[in-house]
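Protein chains in written order, with my numbering: chain A, 12 to 422; chain B, 12 to 422; chain C, 94 to 236; chain D, 94 to 236.
These are calculated hints, taken from the structure and not from any lab test.
None of the values given here were measured: they were computed from a predicted structure.
Glycine included, C-beta positions come from ideal geometry on N, C-alpha and C.
Some hints could be false.
Stated by the list, open to error - Only pairs whose alpha carbons sit at most 27 Å apart, straight line, appear in this in silico BS3-like list of lysine-lysine:
1) Lys274(B) x Lys117(D)
2) Lys274(A) x Lys220(C)
3) Lys274(B) x Lys220(D)
4) Lys415(A) x Lys220(D)
5) Lys415(B) x Lys220(C)
6) Lys117(C) x Lys90(A)
7) Lys409(A) x Lys117(D)
8) Lys274(B) x Lys136(D)
9) Lys274(B) x Lys134(D)
10) Lys220(D) x Lys255(B)
11) Lys32(A) x Lys204(D)
12) Lys54(A) x Lys32(B)
13) Lys117(D) x Lys159(D)
14) Lys204(D) x Lys37(A)
15) Lys37(B) x Lys223(C)
16) Lys204(D) x Lys126(D)
17) Lys54(A) x Lys415(B)
18) Lys90(A) x Lys220(C)
19) Lys204(D) x Lys90(B)
What the hints assert, rightly or not - Partial chain A-side listing against chain D, Cβ under 7 Å, derived:
20) Glu151
21) Asn356
22) His359
23) Tyr361
24) Ser365
25) Gly377
So you can see what is in the structure, the chains are spelled out below.
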Amino acid sequence: MDLAVMQYSVDKIRADFPILKQMIRKYPLVYFDNGATTQKPVKVIEAVDRYYLTINSNIHRGVHYLSNEATDAFEQARKRVATFINAPESREVIFTKGTTESINLVANSLAGFLLKEGDEVMVTEMEHHANIVPWQMVCERVGAKLKVVPISDSGELLVESLDSLLTERVKIIAFAHVSNVLGTINPVQEICAKAHERGILTLVDGAQGIAHQTVDVQSLGCDFYVFSGHKMYAPMGTGVLWGKASLLESMPPYQGGGEMIDKVSFTGTTYNVIPYKFEAGTPDVGGVIGLMAAIDYLTEIDFGSALEYEEGVMHYAYESLKQIEGLRFIGDAKRRTGVISFILNGAHPYDVGSILDHQGIAVRTGHHCAQPLMDRFAIPGTVRASFSIYNTREEVDKLVAGLKVAANMLL
Amino acid sequence: MDLAVMQYSVDKIRADFPILKQMIRKYPLVYFDNGATTQKPVKVIEAVDRYYLTINSNIHRGVHYLSNEATDAFEQARKRVATFINAPESREVIFTKGTTESINLVANSLAGFLLKEGDEVMVTEMEHHANIVPWQMVCERVGAKLKVVPISDSGELLVESLDSLLTERVKIIAFAHVSNVLGTINPVQEICAKAHERGILTLVDGAQGIAHQTVDVQSLGCDFYVFSGHKMYAPMGTGVLWGKASLLESMPPYQGGGEMIDKVSFTGTTYNVIPYKFEAGTPDVGGVIGLMAAIDYLTEIDFGSALEYEEGVMHYAYESLKQIEGLRFIGDAKRRTGVISFILNGAHPYDVGSILDHQGIAVRTGHHCAQPLMDRFAIPGTVRASFSIYNTREEVDKLVAGLKVAANMLL
Amino acid sequence: MNAVDEKGLAIASEFEMFDEWMDKYNYLIELGKSLPLIDEKDKTTSNLISGCQSRVWLSANYENGKVYFKGDSDAIITKGIVSVLIRSMDGAGVDDIIASELDWLDNTGLKEHLSPTRSNGLVAMIKQMKLYAMAFKVKYENK
Amino acid sequence: MNAVDEKGLAIASEFEMFDEWMDKYNYLIELGKSLPLIDEKDKTTSNLISGCQSRVWLSANYENGKVYFKGDSDAIITKGIVSVLIRSMDGAGVDDIIASELDWLDNTGLKEHLSPTRSNGLVAMIKQMKLYAMAFKVKYENK
Ligand SMILES: Cc1ncc(COP(=O)(O)O)c(C=O)c1O
Ligand SMILES: Cc1ncc(COP(=O)(O)O)c(C=O)c1O
Chain A
12 MDLAVMQYSV DKIRADFPIL KQMIRKYPLV YFDNGATTQK PVKVIEAVDR YYLTINSNIH
72 RGVHYLSNEA TDAFEQARKR VATFINAPES REVIFTKGTT ESINLVANSL AGFLLKEGDE
132 VMVTEMEHHA NIVPWQMVCE RVGAKLKVVP ISDSGELLVE SLDSLLTERV KIIAFAHVSN
192 VLGTINPVQE ICAKAHERGI LTLVDGAQGI AHQTVDVQSL GCDFYVFSGH KMYAPMGTGV
252 LWGKASLLES MPPYQGGGEM IDKVSFTGTT YNVIPYKFEA GTPDVGGVIG LMAAIDYLTE
312 IDFGSALEYE EGVMHYAYES LKQIEGLRFI GDAKRRTGVI SFILNGAHPY DVGSILDHQG
372 IAVRTGHHCA QPLMDRFAIP GTVRASFSIY NTREEVDKLV AGLKVAANML L
Chain B
12 MDLAVMQYSV DKIRADFPIL KQMIRKYPLV YFDNGATTQK PVKVIEAVDR YYLTINSNIH
72 RGVHYLSNEA TDAFEQARKR VATFINAPES REVIFTKGTT ESINLVANSL AGFLLKEGDE
132 VMVTEMEHHA NIVPWQMVCE RVGAKLKVVP ISDSGELLVE SLDSLLTERV KIIAFAHVSN
192 VLGTINPVQE ICAKAHERGI LTLVDGAQGI AHQTVDVQSL GCDFYVFSGH KMYAPMGTGV
252 LWGKASLLES MPPYQGGGEM IDKVSFTGTT YNVIPYKFEA GTPDVGGVIG LMAAIDYLTE
312 IDFGSALEYE EGVMHYAYES LKQIEGLRFI GDAKRRTGVI SFILNGAHPY DVGSILDHQG
372 IAVRTGHHCA QPLMDRFAIP GTVRASFSIY NTREEVDKLV AGLKVAANML L
Chain C
94 MNAVDEKGLA IASEFEMFDE WMDKYNYLIE LGKSLPLIDE KDKTTSNLIS GCQSRVWLSA
154 NYENGKVYFK GDSDAIITKG IVSVLIRSMD GAGVDDIIAS ELDWLDNTGL KEHLSPTRSN
214 GLVAMIKQMK LYAMAFKVKY ENK
Chain D
94 MNAVDEKGLA IASEFEMFDE WMDKYNYLIE LGKSLPLIDE KDKTTSNLIS GCQSRVWLSA
154 NYENGKVYFK GDSDAIITKG IVSVLIRSMD GAGVDDIIAS ELDWLDNTGL KEHLSPTRSN
214 GLVAMIKQMK LYAMAFKVKY ENK
């Protein structure tokens with residue numbers, strides 16, 4: 012094949028995302044808020060439409076044609092997700108409405124079952140609230156304790172500290188694959204190995220990992236991997252919990268309802284097999300089909316080269332932002348991806364974000380649902396630019412120019 | 012206005028639902044599985060598309076334009092839902108992924124808070140598993156007991172029995188507005204009055220009520236009303252929990268994560284105000300906007316006359332089905348709506364459903380996630396035809412003809 | 094090709110003759126009626142394969158290197174398919190049953206009833222038939 | 094129209110003069126700098142209005158039937174809007190503050206910062222200003 016054909020064409024990719032042509036306040040949209048949610052390619056939007064226009068129906072146990080078609084598509088999506096993260100079996104893939112629900116599911120299912128009074132749950136100082144609060148709530152309920160792995164000033168986990176922290180009281184360690192503030196890529200394999208040596212379960216919050224890494228749950232070596240579809244080009248309201256079959260099988264269900272049961276009676280109820288045991292109620296069939304379409308899209312454009320391209324843009328952004336006087340990066344880990352956090356010294360992130368917005372540039376500002384991390388760095392918040400496969404160097408230039416305007420106005 | 016113009020035109024309505032033009036096994040689709048999920052009007056599909064094509068963004072706390080637009084639309088939808096069910100305040104409307112999640116939320120939030128060891132939860136013999144299993148699970152956790160209101164042979168709640176059943180140990184009674192098997196419309200006001208006299212909370216499962224009744228939560232007099240968007244012409248994966256503000260405010264949160272917090276630290280976390288306290292994580296913004304579009308659509312076509320029309324078709328269906336030899340209705344309450352359940356004596360529902368399917372007619376067969384009700388009537392399942400505002404008398408005729416074919420083949 | 098799939102292909106060709114679904118289903122229903130029925134006393138819970146939509150009973154015997162099945166279902170269409178499956182495997186050797194791929198089911202036009210999500214007990218029944226064959230192999234042919 | 098909204102309309106017309114967002118925001122930032130700052134010692138938690146994006150401090154005094162406000166914010170744009178709001182209400186009577194409708198905010202082009210979901214403390218601050226007025230009314234004018 013011609014090399015030119017094989018090369019990643021960001022123009023072609025951008026054409027797949029109609030929203031990128033929007034004008035915001037008379038400026039062309041520059042969207043650097045991908046860590047919050049990515050935009051969706053037209054193929055995803057169309058796949059969901061096609062579902063509603065041709066086979067919409069409630070799934071499972073239907074005797075009629077539409078119901079069978081919809082069920083087949085839904086179960087097809089499960090297989091596609093399994094392949095995407097290299098899960099050994101598709102029944103290990105549980106559809107949720109997002110990372111948050113996935114973590115709540117695991118935390119609550121383990122409460123009382125694995126987690127007892129006096130036990131400990133380990134999280135890290137760089138976690139998103141979604142990977143802190145569910146554990147806090149569950150710990151409070153069962154009388155367990157939440158412990159925290161500290162990080163360095165450069166925003167890296169102090170992995171050495173695990174040797175003393177991972178005592179026999181610890182039942183599970185839950186940590187981010189990639190930090191949504193610092194961009195730090197955590198050494199998942201190393202942490203999982205340390206945990207498993209001691210018989211401790213591992214949950215990896217892949218909300219930011221899934222869109223910036225090719226994920227292989229088997230080589231990562233974790234017990235649970237969770238992520239949100241909407242951060243990887245799929246519709247809002249979609250998410251995944253992957254877990255090892257043997258674990259999921261032994262865990263009690265989370266929500267009760269239709270579909271997750273085997274037999275219900277007032278004298279006693281028995282539960283369905285996985286994955287259904289954890290999928291109570293009518294799922295978002297359209298959303299899940301959109302998630303499948305997103306995976307197909309990423310495969311089609313060659314996700315690997317897309318990520319390589321994205322890394323290039325991000326690297327360019329680092330180098331460019333470095334030139335701005337008074338700009339201070341928050342997070343300086345050796346292995347980083349996806350997001351760049353910074354503050355303009357002397358300017359409040361809210362002001363910076365507002366002024367960028369007036370130039371059509373979308374960034375996120377604030378604590379990014381990681382208040383403990385803000386406390387760790389003694390800052391009220393950061394400005395965060397987060398990247399995707401459709402961002403360009405020209406957009407980075409606009410961000411830099413916009414920041415100079417902000418600096419001029421604010422400092 | 013001309014009377015002819017004001018009249019309900021089912022042809023016009025059907026034109027709004029593109030899927031109804033599908034051919035199934037060479038027959039035009041006859042969709043009588045609306046109780047499982049309704050089809051979606053093109054306006055709903057387009058509203059969601061428009062969201063993804065123009066303002067898709069993560070909501071709340073954004074400093075940028077798209078985020079504000081998306082947030083405004085999301086909060087607009089909350090107001091629209093509040094108006095639709097006549098809720099006193101829009102902050103009483105909590106978005107969930109469906110009835111099942113709404114009930115799990117209430118049950119779990121009340122566990123430990125209101126529900127303690129020795130207490131009782133009351134449900135009825137006609138409940139969907141979604142309104143049984145969450146309560147069973149929660150009762151088991153806190154050591155409470157699940158009690159059951161019996162029904163008559165005609166499928167009506169024995170409301171008199173409440174006088175003795177509603178002891179002071181009962182903390183909440185949860186029951187269906189409309190039974191998804193029998194079609195029975197329960198006397199919500201009467202039950203709520205009896206419960207409130209005794210200081211007992213009330214939760215109404217409106218999954219089947221919402222699409223077949225105009226719902227006014229204030230006049231119903233309940234404490235919680237829950238339903239699924241996908242059963243009322245909105246996208247899959249959408250749902251609502253309405254609850255009285257004073258109650259919701261005092262209840263502890265259900266899931267933990269972003270958005271539902273006020274301040275997070277490892278020494279202690281405080282929670283946000285309602286409705287946000289109960290909306291952890293990124294919601295299905297597109298779906299919620301679709302739900303708003305569905306409400307707008309129903310308002311536009313005059314939901315009241317649509318329901319009147321639907322009742323007419325259903326009445327016609329009763330009269331027509333009655334003529335079929337050996338057909339036995341399951342459920343014969345005085346006030347009924349939405350669904351008709353029956354069995355062809357001597358034929359298994361699965362066989363009947365399969366043969367109807369081969370004639371392009373979609374019905375649901377089986378236990379309809381109401382196994383205790385099946386046990387009550389000592390049947391393995393029923394054939395269920397469920398109705399919507401786009402069904403016609405001609406479709407009823409096809410159902411009747413299809414059933415005669417089934418009877419011929421099977422009996 | 095193994096003996097089970099060979100027999101199956103022949104059965105499938107019977108079904109391929111029908112142009113009309115109704116004729117096909119009438120034939121299926123007839124087959125259901127001629128199913129070697131499981132004895133009432135063998136309709137135990139251990140022989141029951143529970144699906145949400147319909148229930149299937151299945152028993153198996155081993156005789157001189159061959160496996161013989163009996164079955165039943167509460168739904169007649171399910172029963173017809175039980176009958177088809179039993180016809181293809183009845184009297185076959187354990188290895189043929191274990192090795193069978195059942196691709197010919199695609200040709201019968203009944204495939205939709207054999208989806209894992211249909212929950213009529215049939216998918217579990219096929220698995221059960223193979224499990225019986227494996228169990229007999231271990232027990233009587235232990236090699 | 095009450096005195097607060099009258100003053101507000103005049104303030105809004107200042108903003109309407111700007112064609113360019115940058116000029117408007119530069120002006121807003123200037124306003125923020127000239128805000129009658131709350132004393133450092135009054136920056137207590139009880140005077141703090143917490144938003145996720147920025148924080149606002151507000152204090153109020155009652156003198157001869159009139160209410161006087163001081164405020165601050167850690168973000169300068171928020172501070173500018175605090176300043177605008179205080180200018181419109183400062184020295185007004187309790188009834189005028191309570192009755193004010195603040196529709197003129199629509200004309201400033203700053204409305205987006207005053208969305209309840211923006212969470213910068215400003216919506217809560219407006220509520221707080223009115224609450225102060227109501228409290229003073231009850232305390233000093235009890236009618
Ligand atoms: C690291 C991390 N974890 C969890 C979440 C929560 O994801 P969601 O809101 O999709 O449930 C996010 C999203 O912001 C995140 O970045
Ligand atoms: C009465 C009733 N309750 C609850 C449910 C569950 O609704 P969902 O699956 O949308 O959560 C249904 C849907 O079948 C129902 O009919």
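>> So if I understand the rule, the pair passes when the alpha-carbon distance is 27 Å or less; does Lys274(B) with Lys117(D) pass?
In response: violated, 33 Å
> Does Tyr361(A) pass the interface check with chain D, least Cβ-Cβ distance below 7 Å?
Replying inline: holds, 4 Å
>> Given the hinted pair Lys415(B) and Lys220(C), is their Cα-Cα distance within 27 Å?
In response: Roughly 35 Å separates the two Cα atoms, so the pair is violated.
>> Between the alpha carbons of Lys117(D) and Lys159(D), is the straight-line distance 27 Å or under?
In response: violated, 30 Å
> Is Lys274(B) close enough to Lys134(D), meaning Cα to Cα at most 27 Å?
Replying inline: holds, 24 Å
>> Hint check: Lys409(A) vs Lys117(D), CA-CA at most 27 Å. Holds or violated?
In response: Holds, because 21 Å separates the two Cα atoms, which is no more than 27 Å.
>> Tell me if the straight-line CA distance from Lys204(D) to Lys37(A) falls inside 27 Å.
In response: Status holds; Cα separation ~18 Å.
> Taking 7 Å as the limit, does the beta-carbon of His359(A) come near enough to a beta-carbon in chain D?
Replying inline: With a minimum Cβ separation of about 4 Å from chain D (threshold 7 Å), the hint on His359(A) holds.
> Is the straight-line distance between the alpha-carbon of Lys204(D) and that of Lys126(D) 27 Å or less?
Replying inline: holds, 20 Å
> Hey, Lys32(A) versus Lys204(D), does the alpha-carbon distance stay inside 27 Å?
Replying inline: Between Lys32(A) and Lys204(D) the Cα gap is close to 25 Å, so the pair holds against 27 Å.
>> Need the status of pair Lys220(D), Lys255(B): alpha-carbon distance at most 27 Å?
In response: holds, 23 Å
>> Would the hint linking Lys415(A) and Lys220(D) be met if the CA-CA limit is 27 Å?
In response: violated, 35 Å
Of the numbered hints listed earlier, those contradicted by the structure are 1, 4, 5, 6, 13, 15, 17, 20, 21.
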